Amino acid sequence: MPLRRRDNLLTWLVVGPFAIVLAFPFYWMLQTSLKSELDLYNTENNPFAFGEGSPTLDNYRFLFGETQYGHWLLNTVLVGLVVVAITLAVSLPAGYALARLSGRWGQTLGVGLFLVYLVPPTLLFLPLSRVVAEVGLQDRLAALILVYPGFTIPFATWLLMGFFKSIPRELEDAALVDGASRLRTLFWIVFPISLPGILTVVIFTFSLCMNEFIYAIAFITSSDSKVVSTGIYTELIRGDVFYWGALMAATLIPAIPLALLYNTFLDRFIAGFTGGAFR
Amino acid sequence: MADVYDVDGSIGEEVTDTRTTRRELLRRGAVGSIVVVYGGATAKSAVGGAPRFRNRELKETLRIIQWSHFVPAYDKWFDNVYVKRWGAANDTEVIVDHINVNDIPARAAAEVAAQSGHDIFFFLSPPAAYEDQVIDHKEIVQAVTRKRGKMGELAFRSTYNPRTKKYFAFSDNYVPDPANYRADLWGEVGIKPTSWDNVLRAAPKLKAMGNPIGIGMSNELDSNMAMMALMMCFGGFIQNDKNRVVLNSKGTREALKFAKALFEQGMSNEIFAWTPASNNQAMVAGRLSFAMNAISITRTAELVNPDLANKIELLPIPSGPNGRIGLEHVMGCYVIWKFAKNKRLAKKFLVDLETKYIGAFENSKFYNFPSWPNSVPNINRRLERDPVAKPAAKYKVLGEIASKYTKNVGYPGTSNAGIDEMFSKFLIPQMFAEVAQGKRTPDDAARTYDRQIREIFQKWRDLGKV
Amino acid sequence: MPQRRRRNLLEERRFLAPALIAPAVIFVGLLVGAPLILSVYLSLTNATAGSLTGDFVGFDNYASQWSDPNFRTAFRNTIAFTLLANAIVVLGASVLAHFLVREFRGKWLMRFLVLLPWAAPVALSTIGFLWIFDSLFSVVNWTLKELSLVDQFNPPQWLGEPNKALAAITTVHAWRLLPFATVIMIAGLASIPKEVDDAAKVDGATGLKKLWFVTLPLQLPIATIAVLFGIVFTATDMAVVYILTRGGPFNSTQMLPMWAFQTGIQGGSLGEGAAVALFLLPVLAIVTVLMLLFARRVEVT
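Protein chains in written order, with our numbering: chain A, 1 to 279; chain B, 280 to 745; chain C, 746 to 1046.
Same shape as in the complex, but just chain A:
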């Protein structure tokens, strides 16, 4: 069908360049991570081709063998998951309350929650270091688990507030008429329907956690408790020597599975929006 082929072509012409620009750095990271040092640091060589000693898995071997990279990956995932759990536990009720149960002051509070983001963490980390030390969590992952919800909860509450507003009240009213309490309605009717919203919060929260690094630097220095962002800085950048091959490999490894995961969830999430129960 020529119409569809033309549509496809147009789509490709538009989306293609975007995809190339957005993904090129990752291709480049892959390329660099497979090169040997001799090949990499030679300005005569064509960087897009493999020279002597390349392609090689040495950088990956170094990453997993000589550093605690695997440990850091697990730490990062652990922190992310626990923070997601805490965020959901706190934001789901809060978002619902702001969307349904509060009036004017709910709006104001919503805005207030958002203003939280305006303070750069570049200086907040100092008073928070004090708090963390007082609670005895210095140099422990639990410090991050404690602090991260501070900036994930407002965002999550916001998202969920908007999401709940878009669910028609009829559903809950129907349940209330049937005699269910508000709390019951909340748990058994509203939350299950908001699965796409929850998924969204999971993705966004996890992403926020992974991107954070200043708190991680300030609170944690023991090598086995580091997360990926800080561990990389410590082990792969030594004074004035950058281990570029390993650095590139280190970035690639978390990014690809995460992008795959996000991509998979995105389908669900959109499916939820367009094919939900309230059609």
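Mixed in with the good hints, there may be bad ones.
As the list claims (entries may be wrong) - As a list, the in silico BS3-like pairs of lysine-lysine whose alpha-carbon atoms are at most 27 Å apart:
1. K471/B to K626/B
2. K946/C to K718/B
3. K675/B to K471/B
4. K484/B to K890/C
5. K529/B to K683/B
6. K669/B to K683/B
7. K686/B to K444/B
8. K444/B to K626/B
9. K363/B to K620/B
10. K486/B to K909/C
11. K445/B to K426/B
12. K909/C to K539/B
13. K673/B to K444/B
14. K890/C to K536/B
15. K852/C to K486/B
16. K445/B to K484/B
Hint data in this document are derived by calculation from the structure and do not stem from the laboratory.
These figures come from a predicted structure and were not determined experimentally.
Following the hints, put chains B and C in place on chain A, whose structure we already have.
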């Protein structure tokens, strides 16, 4: 595989349950298998990690944090050999954490804010700003002096505050800053970079050969040191021996003019964008003919490109109208926080470390020079005997540089809080960069930056620190 | 019967709402509100070197920073980068989202590629850009040199010349935010009820007309939110400048969070650093409130 599209591809298309097609299954399988593969790959090093059990209960604990040394072998020796031995002899468990040198200020501030952290904290430059947060290190200095004689001038002027009469840090080592040059290329030109005049003469020829001079003028450490040293060779000093700012002087202006000429005739634009790694990489790639850097360049070359390494030789900093004055490249300064839990052991650790410095000197591949010169006996003989260097005595000149041509940042005054702030804001390389790029005249630059630095100094003077 | 009464209490809107919101407020209050107040206090003192106390100096820190040319550059840059990067992002995301909600061959792959920048931690992906813009090994320069578009000996220094550095930083900000904004826009597009879509078709609005009169207005509220988040994430971000240029060359690429860090942490003048960090707060607050009001206004219910 059958197409699963509907007839038109418009927005808001209904999505039904037949989504779970082969395609979806394939995707899920892909995601799942990737998870398994990653899990397997990371499991090994995840389950491993530093074993935290001890053979027997050690009575005390000492916590140290220091930078990730550019020579990984040094960290391995320090963490796994030296502190274990010391710990066993002192019934202490010593825990060493590492941090990227750039993150040191952030972590230091965090520990001070938290009033809790490590017992011994390492800085790569004299931490004058933290004077109020640390103990007086006088005891340690005296203990080492009793065993090894006086500390070097360099270390003294870098860790002592004459106004408060306090030793605000304990320096165990410093790193000399030689000039690295390509003997083969300079041989072709027929000049040796023994004076800045020579460098300027050779520069255009070397640049024409495609091998420019490489001295950074960027917001980073190497540029900071190189530009300040260059300035001193021309008679420009930031402060005098009474710690008063004297930047706006003829010497400074001459240095600025020289740097501009050197840039135009012998360097390329890249120097304004450099990170500390840039001159290393450029030299090891064969491009630069001259660089001012610690021996990280030659040591890296020895590993990555031995042929090239043999062509790189070392000299003291070129001499200028005001003589031959160089700076340390970096300086290891340990502090003990006032809130440290184990001050007694911390002091003992530092005393023991410095008193027998041979291990550190050798394991750092001659990077770490002892602040107490007598802590490593026969240093010149050791330098001559490097197993890897060709020619074998290449590193011997480091001894000369260390003893004669290495001054502290802020020479002839002391490394105080004002110097510290000016240093961390990279004001000197900026001044040179602006002049080299024609954004300011030397006179204007000297005047403007003199004023800026004076303001900084005034602030710290008011706080009673300078 | 106490059971009955308790259930009634939880039924009370007045009680339930605060009970549900309380945990969030407490968390945020403790972890952000309290440190914020402490930072305000610090900005009014001459605290140094991480110490959380100092002597009161009133607004001196604010005044001395305002007269510092580096601060003014940082302020200007923050506004410029934020606006420029987000303009690119919002345009790009709208276009991209529009096409990504369709079905087409290779959609999954394309979406995967588009999502990559968002999936990588910013600290690490920026290091990737450091390598891409490296003064000697930049792949961009290599390509340009191969195509003979630039001087072989003096290629452009993407991180070393002020204008190019500004462009580089803006590019990285936009690159990082584009997937995020696209996802938000896709959500907005997908949530347009089918009834509206059908109604538009019945009315004969297709293609461009539909875009202008139906899709865009409906997208406006969510687009505003996306822009708002984009602005906030760019204006308060330190990582990109820290890793790429540290504010250089000669402080021309300073941004407020980076300058605050450099002054307060690296330079040791904590009071001044706090003042710098807080400068942006009122500006962003006003922007936020305005944009939220706007979003509410254009909401089509």
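Here is what the structure says about each hint:
1. K471/B to K626/B: Answer violated: K471/B to K626/B is near 46 Å, above 27 Å.
2. K946/C to K718/B: Not OK: K946/C and K718/B at ~61 Å, beyond 27 Å, violated.
3. K675/B to K471/B: Distance ~18 Å between K675/B and K471/B Cα, so the pair holds.
4. K484/B to K890/C: holds (23 Å)
5. K529/B to K683/B: Given pair K529/B, K683/B holds - Cα atoms ~25 Å apart, limit 27 Å.
6. K669/B to K683/B: This hinted pair holds, its Cα atoms lying about 24 Å apart.
7. K686/B to K444/B: Roughly 21 Å between the alpha carbons, so the hint for K686/B and K444/B holds.
8. K444/B to K626/B: Answer holds: K444/B to K626/B is near 19 Å, not above 27 Å.
9. K363/B to K620/B: With a Cα-Cα distance of about 20 Å, the restraint between K363/B and K620/B holds, given a limit of 27 Å.
10. K486/B to K909/C: With a Cα-Cα distance of about 24 Å, the restraint between K486/B and K909/C holds, given a limit of 27 Å.
11. K445/B to K426/B: Distance ~21 Å between K445/B and K426/B Cα, so the pair holds.
12. K909/C to K539/B: holds (22 Å)
13. K673/B to K444/B: Between K673/B and K444/B the Cα gap is close to 40 Å, so the pair fails against 27 Å, i.e. violated.
14. K890/C to K536/B: Roughly 32 Å separates the two Cα atoms, so the pair is violated.
15. K852/C to K486/B: violated (51 Å)
16. K445/B to K484/B: violated (51 Å)
In summary, the numbered hints that this structure violates are 1, 2, 13, 14, 15 and 16.
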